[in-house]
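S.K.: Sequence:
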Amino acid sequence: MDAQTLDSLKQTFGDRATADAFERSFYERDLAPVPDFLVKPIAATLPDIVIRPKTTAEVACIVKTAAEQQIPVTTRAGGSTVYFNTVCTRKGIIVDINGLDGLVAVDKENSVVRVGAGLTWWNLERALNRAGLAVCSYPSSAQSATVGGWLAMMGYGLGSLKYGPVIEQVISAQVVLPDGSVRELNKTSQPPVAWLAAAEGTLGIVTEVELQVRPCPESEWHGLAAFADAGQMQSFIEQAAALRSKPFNLHFSDPACNSLRQRLGLASEQAAAAYTVAFDGDGTKAETGAARLDYYRCLQQADGRDLGEEAGHEWQHRFFSLVLKREGPSLLGAEIWLPIQSLAGYLAAVAAFEGKKRLGLKSYGHIVSARHAMVMTMFNADERDTLGYLQGLALVKKLQDIGARHGGTPYGIGLWNTPYLRRCHTPAELAELKRRKQLLDPHNIMNPGKRYQPPLLLQPALFGLSMDLLAATRLLYKGKAGRDQL
1 MDAQTLDSLK QTFGDRATAD AFERSFYERD LAPVPDFLVK PIAATLPDIV IRPKTTAEVA
61 CIVKTAAEQQ IPVTTRAGGS TVYFNTVCTR KGIIVDINGL DGLVAVDKEN SVVRVGAGLT
121 WWNLERALNR AGLAVCSYPS SAQSATVGGW LAMMGYGLGS LKYGPVIEQV ISAQVVLPDG
181 SVRELNKTSQ PPVAWLAAAE GTLGIVTEVE LQVRPCPESE WHGLAAFADA GQMQSFIEQA
241 AALRSKPFNL HFSDPACNSL RQRLGLASEQ AAAAYTVAFD GDGTKAETGA ARLDYYRCLQ
301 QADGRDLGEE AGHEWQHRFF SLVLKREGPS LLGAEIWLPI QSLAGYLAAV AAFEGKKRLG
361 LKSYGHIVSA RHAMVMTMFN ADERDTLGYL QGLALVKKLQ DIGARHGGTP YGIGLWNTPY
421 LRRCHTPAEL AELKRRKQLL DPHNIMNPGK RYQPPLLLQP ALFGLSMDLL AATRLLYKGK
481 AGRDQL
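Numbering follows the UniProt record's numbering, with no gaps: position 394 of the sequence shown is 394.
Errors might be hidden in some of the hints.
Unchecked claim - Quick list of in silico lysine-lysine cross-link-like pairs, PhoX-like style, CA-CA up to 20 Å:
1. LYS356 - LYS398
2. LYS91 - LYS64
3. LYS64 - LYS437
4. LYS397 - LYS357
5. LYS10 - LYS108
6. LYS187 - LYS437
7. LYS397 - LYS356
8. LYS64 - LYS10
9. LYS162 - LYS357
10. LYS91 - LYS40
11. LYS10 - LYS54
12. LYS398 - LYS357
13. LYS54 - LYS64
Claimed, not checked - Quick list of the computed label-pair ranges, beta carbon to beta carbon:
14. GLN212 - GLN11: 37 to 43 Å
15. PRO217 - PRO460: 44 to 50 Å
16. PRO215 - GLN316: 18 to 24 Å
17. GLN239 - THR386: 43 to 49 Å
18. GLN11 - ARG423: 42 to 48 Å
19. ARG183 - LEU387: 47 to 53 Å
20. LEU465 - GLY14: 48 to 54 Å
21. ASN129 - GLN453: 39 to 45 Å
22. ARG326 - GLN70: 42 to 48 Å
23. LEU465 - LYS54: 24 to 30 Å
24. ALA472 - THR55: 50 to 56 Å
25. GLN11 - GLY360: 48 to 54 Å
26. PRO442 - GLU168: 25 to 31 Å
27. GLN316 - ASP36: 35 to 41 Å
What the hints contain is simulated information worked out from the structure, not anything from laboratory work.
In this text, all values refer to a predicted model and were calculated from it rather than measured experimentally.
Beta carbons: idealized from backbone N, C-alpha and C, even for Gly.
Required output: the full structure, derived from the provided sequences and hints.
M.R.: Here it is, written out as structure tokens:
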């Protein structure tokens, strides 16, 4: 970026724009602490300037300037992923939309709300509850994830089993397109609002979203089921996910995850030795009564046992994934979109891999549709131990390979999952995504360097070979991280 453009932006936005190196450095990463020597050959992650707009008009002003000068633009809000979705790869402008966090309008009669894209799901839920309303679904990172950010991802989480992905709740969205124009997109517009879902901020900057919400549930009911093996757990999940009246949420944990949660005070000793499924129903009193009967029927057929006295505690700690790092200092893992019918097989394969490597692998996940689960398998790591951490990153690839053998694909692409693009999309699907990008962003200024193709060092053949070699050296490594995890 030339000095004149930089000075002009600083003058326009005053103290809401910074070119200070220290302040910009906080935008060079997300939740993934990846060593610089891995990042720098692939991406220029330090933005030239960070701007915090407060209105759609200000966002449009920024993007128009970027379009005229062909300056890369990356949107940032919660930064709650690990794939560098919101980290720039070619310097340029970071647009921090956390200031677009207002509740714009509430239509209680029709259960419709319009919100700023920078509003977190947790704050939205609390605001709606005061008005007698509730969101239909929200991410497991609801306390930090924003409305616009979750729309830019695949948008599956708690409530998705019952209400579908977030794009099915989006009525319309106000977006600043890569040429700086402001459009209101809906289901029938050209382009349709559905194009924004899972585009990861590469087609424009969403500034406001109109959402279908719901009246606050009259009541809720929570069950917690325990199983001796993954096969029984899968049987229970398959039955519960196929119910005509879907539970609001189904969440599972394997014994290793439950053991860690027990050490952190988030689970009991009974749960620590078992596979568990949390069954959460809400709605009218009649609906939650029916959910309770459904739960016990599924439990009996799957030969499980009830830990009902712990179910409420489980629900209160449903965001536990945010505190698992306490045992760290860091965590690495693979988040996989997996067919439910493959869940037991996947967990068995992970257990077999664990038996050979002794990594401390632990898995949990959410059932997000009648056929699919979002599964996270993780292990402890230490980014201060460079070689050990690098070998850990290689083992993430091994976990993705296990997922692929069971019909799974990575959940989310960003930068780091671009080597798996061919697993996530057919050639026709990928061609269509690239067509949309070319149509809306012909100069490739909007969040470039991600989503559509891997950079040279992440090309599948080179990436696969290097990661496999690193994984093979892990058993020979005797450094600090190796002693901790082997």
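S.K.: State for each hint whether it applies.
M.R.: Verification of the hints:
{"no.": "1", "hint": "LYS356 - LYS398", "verdict": "13 Å, holds"}
{"no.": "2", "hint": "LYS91 - LYS64", "verdict": "17 Å, holds"}
{"no.": "3", "hint": "LYS64 - LYS437", "verdict": "18 Å, holds"}
{"no.": "4", "hint": "LYS397 - LYS357", "verdict": "14 Å, holds"}
{"no.": "5", "hint": "LYS10 - LYS108", "verdict": "41 Å, violated"}
{"no.": "6", "hint": "LYS187 - LYS437", "verdict": "19 Å, holds"}
{"no.": "7", "hint": "LYS397 - LYS356", "verdict": "16 Å, holds"}
{"no.": "8", "hint": "LYS64 - LYS10", "verdict": "15 Å, holds"}
{"no.": "9", "hint": "LYS162 - LYS357", "verdict": "38 Å, violated"}
{"no.": "10", "hint": "LYS91 - LYS40", "verdict": "12 Å, holds"}
{"no.": "11", "hint": "LYS10 - LYS54", "verdict": "15 Å, holds"}
{"no.": "12", "hint": "LYS398 - LYS357", "verdict": "12 Å, holds"}
{"no.": "13", "hint": "LYS54 - LYS64", "verdict": "16 Å, holds"}
{"no.": "14", "hint": "GLN212 - GLN11: 37 to 43 Å", "verdict": "41 Å, holds"}
{"no.": "15", "hint": "PRO217 - PRO460: 44 to 50 Å", "verdict": "46 Å, holds"}
{"no.": "16", "hint": "PRO215 - GLN316: 18 to 24 Å", "verdict": "22 Å, holds"}
{"no.": "17", "hint": "GLN239 - THR386: 43 to 49 Å", "verdict": "47 Å, holds"}
{"no.": "18", "hint": "GLN11 - ARG423: 42 to 48 Å", "verdict": "47 Å, holds"}
{"no.": "19", "hint": "ARG183 - LEU387: 47 to 53 Å", "verdict": "49 Å, holds"}
{"no.": "20", "hint": "LEU465 - GLY14: 48 to 54 Å", "verdict": "50 Å, holds"}
{"no.": "21", "hint": "ASN129 - GLN453: 39 to 45 Å", "verdict": "43 Å, holds"}
{"no.": "22", "hint": "ARG326 - GLN70: 42 to 48 Å", "verdict": "44 Å, holds"}
{"no.": "23", "hint": "LEU465 - LYS54: 24 to 30 Å", "verdict": "48 Å, violated"}
{"no.": "24", "hint": "ALA472 - THR55: 50 to 56 Å", "verdict": "53 Å, holds"}
{"no.": "25", "hint": "GLN11 - GLY360: 48 to 54 Å", "verdict": "53 Å, holds"}
{"no.": "26", "hint": "PRO442 - GLU168: 25 to 31 Å", "verdict": "30 Å, holds"}
{"no.": "27", "hint": "GLN316 - ASP36: 35 to 41 Å", "verdict": "39 Å, holds"}
Checked against the numbered hints listed earlier, the structure breaks hints 5, 9, 23; every other hint is satisfied.
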